[in-house]
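> Residue numbers (our numbering), protein chains in the order written: chain Y, 16 to 384; chain L, 3 to 379.
Treat the hints with caution; some may be incorrect.
Unchecked claim - Here are some of the chain L residues that sit facing chain Y, going by a computed Cβ distance under 10 Å:
(1) Gly101
(2) Glu178
(3) Gly311
In case anyone wonders, no lab produced these hints; they're calculated from the structure.
Glycine is no exception: its CB is placed at the ideal position from the N, C-alpha and C atoms.
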Amino acid sequence: MWRRILALVRKEFLALLRDPKSRIVLIGPPLIQLLVFGYAATFDLQEVPYAVYNEDRGAAARDLLAAFAGAPSFQKVADLHAEAEIAPLVDARRALVVVHIGPRFTADLLAGRPAPLQVIIDGRNSNTAMVAQNYVRSIVDRYNDGWIAARDRQGPPARLVMRAWFNPNLESRWFFIPGIIGMLTLVVTMLVTALTVAREREQGTFDQLLVTPLRPDEMLLGKMVPGFVIGFVQATAILLVATLWFRVPFLGSLPAFYVGLALFLLSSVGAGLLISALSATQQQGLLGAFVFMVPAVILSGFATPIENMPAFVQTLTLIDPLRYFLVVLRKVFLEGAGFALLVDQFWPMALIGVVTLVLAGWLFRHRMY
Amino acid sequence: MSPARGGAAMRLSGLLRKEFLQIVRDPSGIAIAFLMPIFLLVLFGYGVSLDADHVPVALVADAPSQDSADFLAALQGSHYFVPRVAGSLPEAEQALREGAVKGIIHLSADFSRRLRQADGAPIQVLVNGVDANTARLVEGYVTGAWGAWLAAQSARRGQKLDMPVDLQPRIWFNSELKSRNYLVPGLVAIIMTLIGALLTALVMAREWERGTMEALMVTPASMSEVLLGKLGAYFILGTGGMLLTVGLAVWLFGVPLRGSFWLLWGCASLFLLAALGMGLTISTLARSQFVAGQIAIIATFLPAFLLSGFIFDIGSMPAVVQAITHLIVARYFVAIVQTLFLAGNVWSVILPNAAALALMAAIFLGITWRKSRKRLD
């Protein structure tokens, strides 16, 4: 029996890797994509382009603008001299933030009146706008604290002391890179599995496979192995790049990571083979791969938290294996989690894997054309 | 009409008919063009949101007093939070570790006493930093609630709150900062990138693989006509999908379309040409459906999702990565739709991006045309 399976596994690997283009697609892009995406995926803003419209010649306005100029995440692109210049600049996306200081700014401050500071932010990307607004607020807060302290005036009766666990500087890259490992692993298993059965069906070789002594479960095993092996190798390479190149801390246990990976591969290989077994043509297989993969990524909690989703979408995410694997990855990387905290994530992936694989194996024999 | 031109028109309409017959015969093509955009846009339009509402937080007051109750009431009044009172700090920390709450607001035993001292009382805010963005949002919400509480406190005591600079942010184009208003137009671009590539990624490879390309070669139709037939058929399908998604964005999700619809149509057509061209290029270069499918999976979705400016700000990426984003077709269309939907007809954004789309379309279609001359190998 093992001889038969081994022969089938060999044939599957040959079918995958014989075409040099296919070899390149399987090995190169996932690693390159990790490097590119690792730098791209962050909500932290760099060099926010801002413009200044200052109508006040006082020293206080100058000091406040110096605080903006000194902030590393801001980059001045223009000095404006009229209100009418603001709109074209923002419309054309040349400035994300416009700081407008009115003519009585210094006078108000010196008189002890609240001095209004108008800040215009391009809200086309509302998340970027919100982050930029927080940056501006922290500059203004620091300026206010300095002003109060320098004049020995009474500060607020209570102040906030903020602390963030697991990621003290709130670097969003630490959040996204473990997620990218999960996404790329999913993509690689889809590459390997989603089209295999469909291709054999379309070319007629699947019928030949069905008349061999191989039983459906043996065929299933033979089709699973390449997805597993390639998924393991890729995920390990990506893990090394994430920790050694991007320096994302890896605090948890390596065995827990690999158990999570094995279960995730089980479920995603299962989903890929099920899609493939359902398709009569490769076109349908490709459609199925996208219909599964795109929602699996977008609703996994990778960029937008699952808690923000409405209840029915949250329920739908329960059948998304990536959802569980992302939690495993983030907990293992950043929170140092071991097995005990992860069991709740492990068993749903195992369940998805078993159900999809059983269905796929059944379809091998029962979906005929 | 000269006889030669009439012949070309007839050949082209014949090829178009052939493509449509093929599309109708395998229903997955129709599914890609019409069902998938509806399915994806409805799912994501409802599902994808960055607005954290009703964030669960734990409140801990070591020595409950009138002052602490007062501050907690200010938090409870905010719709951003679902506060729950925890008995002790370790209990709250356990909830934070398990993910049951996103943050802890902790008032120490001397809160009331220090509130009346010169340096003020500390309010400790602990957040789970793993999801840095949500953590920042929680911090921002707490800061807002704190500011409102301070103002109410000083008003009650008849004092004026000492606030030297009063920040007055104005968010243009999306004053309520509703993330759906910017995510839904972006989703239209992402989804149509996928549809465009999916529609065409396999068609050329299929003809080569099945040997029907050779059959086409012996017909009087030139290769340009064969390509034009394919492009035309899928362009019509893609336009249908595009109209569906834009209609859903406006009528189902209520995203304002402030720019001109016809301008959007024009830009969308350019974009479709580029996206279909990318699919045809993949298909032509790969020659086998299997490899073409693999390339389509790896080259379309994740790059469009992460590098188009749909969700991550391109300006904050390192220069090398910014340069790479110029290769992503979706990038130009995301910029156009976000501007056309939320800001209006801003020519300084639309013209350069539309030109880039036209260039990408020309490059992709050019490669396809060059690589699929009539030759056997």
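> Next, verify each hint and record whether it holds.
Going down the list of hints, with the structure as the test:
Annotation: interface hint on glycine 101/L holds; nearest CB of chain Y at approximately 8 Å, less than 10 Å. Interface hint status for glutamate 178/L: upheld, as the beta-carbon distance to the closest one in chain Y is roughly 9 Å, under 10 Å. Given hint, glycine 311/L at the interface with chain Y, holds; its Cβ is 8 Å from that chain's nearest Cβ, closer than 10 Å.
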